[in-house]
Amino acid sequence: MTVKVSVKDLHKSYGDNEVLKGINLDVQENEVVVMIGPSGSGKSTFLRTLNKLEEPTSGEITINGSNLLDPKTNLNKIRENIGMVFQHFNLFPHLTVLQNVMLAPTELKKADSSEAKKEALDLLDQVGLREKADAMPAQLSGGQKQRVAIARALAMKPSIMLFDEPTSALDPEMVGDVLAVMKDLAEKGMTMIVVTHEMGFAKQVADRVVFFADGYIREQGTPQEVFDNPQDPRAKDFLDKVLNV
Amino acid sequence: MNARVLLKKIFFPLIVILILFSFSSADAHAANKQAHYTITTDTTYPPFELQNKNGKYVGIDIEILNAIAKKENFTYKLVPMSFNSGAQAVLSGQFDGIMAGMAITPERRKVYDFGTPYYKTGVIVAVAKNSKIKSLADLKDKKVALKTGTGAAAYALSIKKKYGFKVTYFNDSNTMYNDVAIGNTVATFEDDPVMKYAIKNGTKLKIITKPANSGYYGFGVKKGQNKELIRRFNSGFAKIKADGTYNKIVKKYLGASQSEFSGSAKTNNSIWGLVKQNKDQFLSGLLKTIQLTILGIIFATILGVILGLLAIVPNKLCQAISGIIVYIFRGLPLLVLAFFIYIGIPSLTGHKLPAMFAGLLTLTLNEGAYIAAFVAGGLKAVDNGQMEAARSLGLSYWQAMRRIVMPQGFRIIVPSFINQFIITLKDTSILSAIGIIELTQTGTVIISRNMQGFRIWFIVAIMYLVMITLLTFFANWANKKLKH
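Protein chains in written order, with my numbering: chain A, 213 to 457; chain B, 197 to 680.
It should be emphasised that the hints constitute simulated quantities derived from the structure, not laboratory data. For each residue, glycine too, the CB sits at the ideal point set by N, CA and C. Incorrect hints may appear among the rest.
[As the list claims (entries may be wrong)] Capping the alpha-carbon separation at 27 Å, the derived lysine-lysine pairs in DSS-like fashion look like this:
no., chain 1, residue 1, chain 2, residue 2
1, B, Lys402, B, Lys328
2, B, Lys676, A, Lys344
3, B, Lys472, B, Lys252
4, A, Lys264, B, Lys512
5, B, Lys267, B, Lys402
6, B, Lys392, B, Lys402
7, B, Lys338, B, Lys406
8, B, Lys677, A, Lys344
9, B, Lys306, B, Lys392
10, B, Lys306, B, Lys576
11, B, Lys402, B, Lys273
12, A, Lys400, A, Lys330
13, B, Lys392, B, Lys336
14, A, Lys322, A, Lys264
15, B, Lys444, B, Lys273
16, A, Lys321, A, Lys284
17, A, Lys284, B, Lys512
18, B, Lys576, A, Lys264
19, A, Lys329, B, Lys677
20, B, Lys316, B, Lys418
21, B, Lys512, A, Lys289
[What the hints assert, rightly or not] Which residues of chain A face chain B? A partial, calculated answer using Cβ under 10 Å:
no., residue
22, Lys264
23, Ser278
24, Leu320
[Stated by the list, open to error] Residues from chain A that keep clear of chain B, each with C-beta distances beyond 10 Å, as calculated:
no., residue
25, Met213
26, Ser251
27, Thr269
28, Pro283
29, Arg291
30, Ala350
31, Asp389
32, Tyr428
33, Thr434
34, Leu455
Build out the structure end to end from the sequences listed, making use of the hints.
Encoded structure:
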């Protein structure tokens, strides 16, 4: 199996506040890793260091064999290969749904515009929103926006997808559609790292669940291991609270 | 129509035309082998300089200069501007000489070289026709009006303490006479022939003193410079004095009433008559204002966008450079900046700057600084998640800026842009101070000839309002087109 993401002793501080205190994690090809943990535990920050939206303070990150933190590494090239989906979608409000999806492939000359358009429409089909191609983002519901955002991230044909609490800003009835798209993606073999509070999704889809607390990875294992028999007291406490509402 | 098509179809051709238009008249004399000088005169100092009804400058100074140039076989370009600015511009090297009823005083001799004195003069005091003031002694604790930088003003200041009056300053004779006539100030100090001429032509003032501090007018150049020009002036002056041309000129102006030059009273009575009579001047003033406004807006927008971008790029040095430039040029009054560029820079470098160039540079720097401030604000107002989303797709910083952040930021600041365009249009009027005959200066000059202050300012005001209306209309139209 190929290692897609390898992180060694990663630290991140904001001034005196250390939010990541030495993270080690390897993610294999086709693996779905779900990261859970209380708010402020560092899981979102960690996810954002993986495409360098956050600059780590120290440590090593290797993506597809390239050292992310080497200043000589072409960051834009690496980012083309890592799709990212944000909690607040971050669709480009001045562009149509289709233009949102087509922007990166055409701007980065991955495809000519007719080819890019065809691929974009296929991706919109895949997320169930082909009929919204000419709509503006403001005309979509939250769940639709997030599905467009996923299509946009997929347009660059990434081999890794990062999801940063993709359903946290959605109305409950919208969550299912987005999770279904993600599940579909997982079944197709995408390497995925997902920060979420959707424990059901974690149980169903994750190959591995990673529990974050206080800037450390406290526990990791299969969903069964982590959910049914957590070893770390913080993990026990957290899962008690989120599973037994 | 998208933004690029709009730019291509409308803005770029417009810029090219305007630029060609602005500088095409620059040096028609370059090919000529004759010596060529640039000489400044006052905008209004009848009978020495005034504009005739065709918008041409006439007067004793102008005709003397003309006669001498013919005799001595040189050509010159006449640039009328306010006396004080013109006098300074000669010292900074912008002009070769000044022929503007300039009294030869010991102070001026320190910085200027003068040609043969050409006209004897003295300083008198004039008051409103119905004034009770009869002598200098009556001026105690009262306010008198002086024209900035004149010999008469210098004389007034020398006796200010003795007679205990206060002073206020004007840049233009007619505004000053009016101020005395309507009673804001009680008296003015003025050169004898000038005052007599103005009174003869209907200025409602009377002279209450004998000419004092008598002296002479002289043609001035910067001390130690342009010796050849002074030599030619003196030689030519001797010739026109000898052959009677000089006497003919003086007699022509002192014997004539101003209406012979400036048009009859009848045309002055209706606004429409004034518009028709002065249409060429208004048109050329209007064109100059439009030219300054459009080029000013374009250059200021370019500078403003660049500075605005520098202010937000993640680089401390760029941010500091932008910050300092914006701080300086937003902090300086436009008038100070205009004088600094037009009069200050040439005296440092020794190279002349064309007024139009200095004026455009002034507008570009000042308006550009304001534009930079709101461009930076608009770009910062775009949610940071937009940049993150674009970068996470693999776009470079500038690709993300250009495709994602700038289109959204500019939409936010469109109202600020329209507002700034209107301010730019109005600010062009300040450039009249460096001798650009735009619309406001055109008004001043016409009034100096026909004394129709209310009507002319009314016409000028309407012209500005029409332009601002059109500009706003155009800006809103362009904005709508850009939003498709």
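Verification of the hints:
| no. | hint | in the structure |
| --- | --- | --- |
| 1 | B:Lys402 x B:Lys328 | holds (11 Å) |
| 2 | B:Lys676 x A:Lys344 | holds (25 Å) |
| 3 | B:Lys472 x B:Lys252 | holds (16 Å) |
| 4 | A:Lys264 x B:Lys512 | holds (20 Å) |
| 5 | B:Lys267 x B:Lys402 | violated (39 Å) |
| 6 | B:Lys392 x B:Lys402 | holds (9 Å) |
| 7 | B:Lys338 x B:Lys406 | holds (20 Å) |
| 8 | B:Lys677 x A:Lys344 | holds (24 Å) |
| 9 | B:Lys306 x B:Lys392 | violated (30 Å) |
| 10 | B:Lys306 x B:Lys576 | violated (55 Å) |
| 11 | B:Lys402 x B:Lys273 | violated (36 Å) |
| 12 | A:Lys400 x A:Lys330 | holds (20 Å) |
| 13 | B:Lys392 x B:Lys336 | holds (25 Å) |
| 14 | A:Lys322 x A:Lys264 | holds (22 Å) |
| 15 | B:Lys444 x B:Lys273 | holds (24 Å) |
| 16 | A:Lys321 x A:Lys284 | holds (22 Å) |
| 17 | A:Lys284 x B:Lys512 | holds (22 Å) |
| 18 | B:Lys576 x A:Lys264 | holds (21 Å) |
| 19 | A:Lys329 x B:Lys677 | holds (25 Å) |
| 20 | B:Lys316 x B:Lys418 | holds (22 Å) |
| 21 | B:Lys512 x A:Lys289 | holds (26 Å) |
| 22 | Lys264 | holds (9 Å) |
| 23 | Ser278 | violated (14 Å) |
| 24 | Leu320 | holds (6 Å) |
| 25 | Met213 | holds (26 Å) |
| 26 | Ser251 | holds (19 Å) |
| 27 | Thr269 | holds (18 Å) |
| 28 | Pro283 | holds (15 Å) |
| 29 | Arg291 | violated (4 Å) |
| 30 | Ala350 | holds (13 Å) |
| 31 | Asp389 | holds (20 Å) |
| 32 | Tyr428 | holds (26 Å) |
| 33 | Thr434 | holds (29 Å) |
| 34 | Leu455 | holds (31 Å) |
Violated hints, listed in ascending order, are 5, 9, 10, 11, 23 and 29; each of the other numbered hints is respected by the structure.
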